[in-house]
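So the sequences go chain by chain: A and B.
Its first residue numbered 1378, the first sequence is counted upward by one per residue in this note's numbering.
Its first residue numbered 1378, the second sequence is counted upward by one per residue in this note's numbering.
Hints were generated in silico from the structure; no laboratory data involved.
Incorrect hints may appear among the rest.
What the hints assert, rightly or not - Listed below are the simulated EDC-like cross-link pairs for lysine to aspartate or glutamate, each with C-alpha atoms no more than 20 Å apart in a straight line:
#  : chain 1 : residue 1 : chain 2 : residue 2
1  : A       : K1574     : B       : E1555
2  : B       : K1404     : B       : D1506
3  : A       : K1598     : B       : D1467
4  : A       : K1565     : A       : E1607
5  : B       : K1581     : B       : D1592
6  : B       : K1455     : B       : D1467
7  : A       : K1486     : A       : E1413
8  : B       : K1486     : A       : E1413
9  : B       : K1569     : A       : E1487
10 : B       : K1472     : B       : E1494
11 : A       : K1569     : B       : E1430
12 : A       : K1404     : A       : E1445
13 : B       : K1574     : A       : E1570
14 : B       : K1569     : A       : E1570
15 : B       : K1581     : A       : E1445
16 : B       : K1609     : B       : D1592
17 : B       : K1455     : B       : E1430
18 : A       : K1486     : B       : E1570
19 : A       : K1581     : A       : D1562
20 : B       : K1594     : A       : E1445
To be verified - Reference listing, derived: stretches of chain B covered by chain A, where coverage requires no fewer than 3 residues with Cβ under 8 Å from a Cβ of chain A:
#  : region
21 : 1409–1423
22 : 1528–1542
23 : 1563–1577
Quick reminder that beta carbons are idealized off the backbone N, C-alpha and C, glycines included.
2 protein chains.
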Amino acid sequence: MITTVIIGSGNVATHLLQAFLQSNTLKVIQCFNRKEITRDDIPVTADISQLQEADVYVIAVSDDAIAEIASQIHFSGKLVVHTSGSVGMDALHPKNRRGVLYPLQTFSKERNINYSEIPFCIEAENEDDYLLLEKLVTPISSHVFRIDSEKRRKLHLAAVFVCNFVNHLYQIGYEITEANDLSFDLLKPLIKETAAKIETAVPKDLQTGPAKRNDQKTMAKHLEMLALPEQKQIYKLLSQAIATTDGRKKL
Amino acid sequence: MITTVIIGSGNVATHLLQAFLQSNTLKVIQCFNRKEITRDDIPVTADISQLQEADVYVIAVSDDAIAEIASQIHFSGKLVVHTSGSVGMDALHPKNRRGVLYPLQTFSKERNINYSEIPFCIEAENEDDYLLLEKLVTPISSHVFRIDSEKRRKLHLAAVFVCNFVNHLYQIGYEITEANDLSFDLLKPLIKETAAKIETAVPKDLQTGPAKRNDQKTMAKHLEMLALPEQKQIYKLLSQAIATTDGRKKL
């Protein structure tokens, strides 16, 4: 049985704990969070000096707080991992063995997630610890990948485009429907199908729309209809980018 | 039994025909396409003068070709509809009764679609024809909406953001993974979940990421990592837009 302590109380910490509780090869023996959010099933502390001894410490806090928390762990020679996409493994204090366990998914506290589908990106300073992390994750998800800090940063950058930026485009869609007394529900099957299509094809081969067709008349009308300058800018820039990508493809 | 003729051979025409063939209240008696793509089950013509008499003519061709094709239909007083999101009903020749049947979905020939989930946006010059179109669509999908030309244009504009532009962001994610010897598959669960989340929440309430957190350090690193100037521009503009939306929310 691998014993773990989970540090943090945000979305990632909450979901990792949930996922770990489903596993029968690891045991969460303690949670640490400054907010003292207590639980019935696991001891919780808000005092870092009260951390218990465990095989793996999982730091799931905001990027800026990782280094500080890691340095405050009063054990040494333990395996300490963080869960961030954009922070290097070397942000962790070297008094402990270091690693990273990055679940590549968007988490909201109120949503249930199928953990078995999440890609876990793993990195460790030494091979034994890599294998320990692999053993820790495998009962939760079979999608385990060896990804170093540099590649993980690239992956996180890509995730910003396909998740954070995509969500903002959904928001613009929402604003356009709301402003015109239309239900956002009308767009939901389209959103779902657009995401489903990329399962089996390269996105650029699926590109459709006025920019792809170089339909200047429709694009001019669309720009006229957009109320906010930032929306016009986004429309112009993404239309140009679609035309350029298409150009690159033809070269 | 409502008799129809389908005009066009593109993605929308192909899928509408497929959907219509599943209905037992309407019969497709003929298809017209200039490419003379023949079918075993339905007579096909490439000669517009050979159009047969039917209750409804469905014009599913590119936006620019709608007016011309509509004027070439040698019948008058018939119900003629187009399927475009951005073209007004008045683009159709007034010698016939006019309407619009806009399926709000992204179609690819090679993908199967669950037609029953598609929102059909309907418009007609007179109420009897509206009811006829409703009767024609209802066996296929229960999501039928009365949407006039002006609102349909707004809906189409919103669709460009949540479908065409979103697909381009997927393409950037694809390019980042490819350039770094990472599999695009790693991003697929994230793409799926990002799209699934909006089913039950307003997108801006789901917004996460460096721009939302005003994490200047990560954003600066991301801009450094991006190779193409157009990708840097998109990163900057969408990050600003996320910050602005968040600002608007707080007002």
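We went through each hint and held it up to the structure:
Restraint check for A:K1574 and B:E1555: satisfied, since their Cα atoms lie roughly 18 Å apart, inside the 20 Å limit. Taken as a hint, the B:K1404 and B:D1506 pair is honoured in the structure, with Cα atoms around 17 Å apart against an allowance of 20 Å. Note on A:K1598 and B:D1467: the hinted pairing holds, with a Cα-Cα distance of about 16 Å set against a maximum of 20 Å. For the suggested pair A:K1565 and A:E1607, the alpha carbons sit about 23 Å apart, so the restraint of at most 20 Å is broken.
Pair hint B:K1581 plus B:D1592 holds up; C-alpha atoms about 18 Å apart against a cutoff of 20 Å. Straight-line distance between C-alpha atoms of B:K1455 and B:D1467 comes to about 15 Å, which keeps the hinted pair within the 20 Å bound. Restraint check: the Cα-Cα separation between A:K1486 and A:E1413 comes to about 17 Å, which is no more than 20 Å; the hinted pair holds. Distance check on the hinted pair: B:K1486 and A:E1413 sit about 55 Å apart at the alpha-carbon level, beyond 20 Å; violated.
For the hint pairing B:K1569 with A:E1487, the CA-to-CA distance comes to about 17 Å; that is within 20 Å, so the pair holds. Of the supplied pair hints, the one linking B:K1472 and B:E1494 is violated, its CA atoms being roughly 34 Å apart against a limit of 20 Å. Among the hinted pairs, A:K1569 with B:E1430 is inconsistent with the structure: their alpha-carbon atoms are about 38 Å apart, more than 20 Å. As the CA atoms of A:K1404 and A:E1445 are separated by approximately 25 Å, the hinted pair breaks the 20 Å bound.
At most 20 Å may separate the alpha-carbon atoms for a hinted pair to count; B:K1574 and A:E1570 meet this at roughly 14 Å. With a C-alpha separation of about 10 Å, the suggested pair B:K1569 and A:E1570 falls inside the 20 Å cut-off, and the hint holds. For the given pair, B:K1581 sits about 31 Å from A:E1445 by alpha-carbon distance, which is inconsistent with the 20 Å threshold. Among the hinted pairs, B:K1609 with B:D1592 is consistent with the structure: their alpha-carbon atoms are about 16 Å apart, no more than 20 Å.
Restraint check: the Cα-Cα separation between B:K1455 and B:E1430 comes to about 9 Å, which is no more than 20 Å; the hinted pair holds. This hinted pair checks out: A:K1486 and B:E1570 have alpha carbons roughly 14 Å apart, not beyond 20 Å. For the hint linking A:K1581 to A:D1562, the alpha-carbon distance of about 26 Å lies beyond 20 Å, and the restraint is violated. In summary, the hint linking B:K1594 to A:E1445 is supported, as the alpha carbons are separated by about 17 Å, within the 20 Å threshold.
Only residues whose C-beta sits within less than 8 Å of a C-beta in chain A count toward coverage, and the region 1409–1423 of chain B has 0 of them, not enough to reach three; the restraint is violated. Evaluation of the coverage hint for the region 1528–1542 of chain B: fulfilled, as 13 residues show C-beta separations to chain A shorter than 8 Å, against a requirement of three. Closer than 8 Å: that is the beta-carbon criterion, and the region 1563–1577 of chain B has 14 residues meeting it against chain A, so the requirement of 3 holds.
Hints 4, 8, 10, 11, 12, 15, 19 and 21, counting from the list given before, are not met by this structure.
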